[in-house]
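**Student:** Residues in the sequence shown are numbered consecutively from 1, following the numbering used here.
It should be emphasised that the hints constitute simulated quantities derived from the structure, not laboratory data.
Among the hints, erroneous ones may be present.
[Said to hold, decoys possible] Taking lysine-lysine pairs in the DSS-like style, the calculated list, with each CA pair at most 25 angstroms apart, reads:
#1 19 <-> 88
#2 19 <-> 30
#3 103 <-> 88
[Stated by the list, open to error] Simulated restraints on C-beta separations:
#4 92 <-> 49: 34 to 44 angstroms
#5 101 <-> 67: 46 to 56 angstroms
#6 24 <-> 99: 35 to 45 angstroms
#7 94 <-> 40: 38 to 48 angstroms
#8 84 <-> 8: 23 to 33 angstroms
#9 86 <-> 108: 29 to 39 angstroms
#10 108 <-> 29: 51 to 61 angstroms
#11 74 <-> 11: 19 to 29 angstroms
#12 27 <-> 96: 25 to 35 angstroms
From the three backbone atoms N, C-alpha and C, an ideal C-beta is built for every residue, glycine too.
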Amino acid sequence: MSNEAVQPFQRIVQDVRDKLRSGELTAGAKLPTTRELADTYGVAPGTVQRALAELRTAGLIYSHQGRGSYISEAAGDSGQDAVTRAIKALESQVADLSARLEKLERRPDG
1 MSNEAVQPFQ RIVQDVRDKL RSGELTAGAK LPTTRELADT YGVAPGTVQR ALAELRTAGL
61 IYSHQGRGSY ISEAAGDSGQ DAVTRAIKAL ESQVADLSAR LEKLERRPDG
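Working from the sequences, and respecting the hints, build out all of it.
**Tutor:** Here you go:
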């Protein structure tokens, strides 16, 4: 997807996600201020606020009024995003179900 097709707030969200994956941002790290992010990305503060709201909704950051926004513990799990964690949880469930099925199939009938 080209940058032209991406909304400005989505660019910020994706950049934070990329920095989490690369380990550049870790759990507890403080994000730059809204004004600093607006200057960095060349966008209005409202655009940054929209990106931060999306990151909060995804559970990647939390904010303290007057203190700033921080990377959440959940986001710091080796840079895994929510989709990766969900896939790993499903893989674990499938492995468990497969083991149970194998035990049932080995049971002697009757």
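**Student:** Decide, hint by hint, whether the structure agrees.
**Tutor:** Consistency of the hints with the structure:
no. : hint                           : verdict
1   : 19 <-> 88                      : 21 angstroms, holds
2   : 19 <-> 30                      : 13 angstroms, holds
3   : 103 <-> 88                     : 23 angstroms, holds
4   : 92 <-> 49: 34 to 44 angstroms  : 37 angstroms, holds
5   : 101 <-> 67: 46 to 56 angstroms : 51 angstroms, holds
6   : 24 <-> 99: 35 to 45 angstroms  : 38 angstroms, holds
7   : 94 <-> 40: 38 to 48 angstroms  : 42 angstroms, holds
8   : 84 <-> 8: 23 to 33 angstroms   : 25 angstroms, holds
9   : 86 <-> 108: 29 to 39 angstroms : 38 angstroms, holds
10  : 108 <-> 29: 51 to 61 angstroms : 57 angstroms, holds
11  : 74 <-> 11: 19 to 29 angstroms  : 23 angstroms, holds
12  : 27 <-> 96: 25 to 35 angstroms  : 28 angstroms, holds
When held up to the earlier numbered hints, the structure conflicts with none and fits them all.
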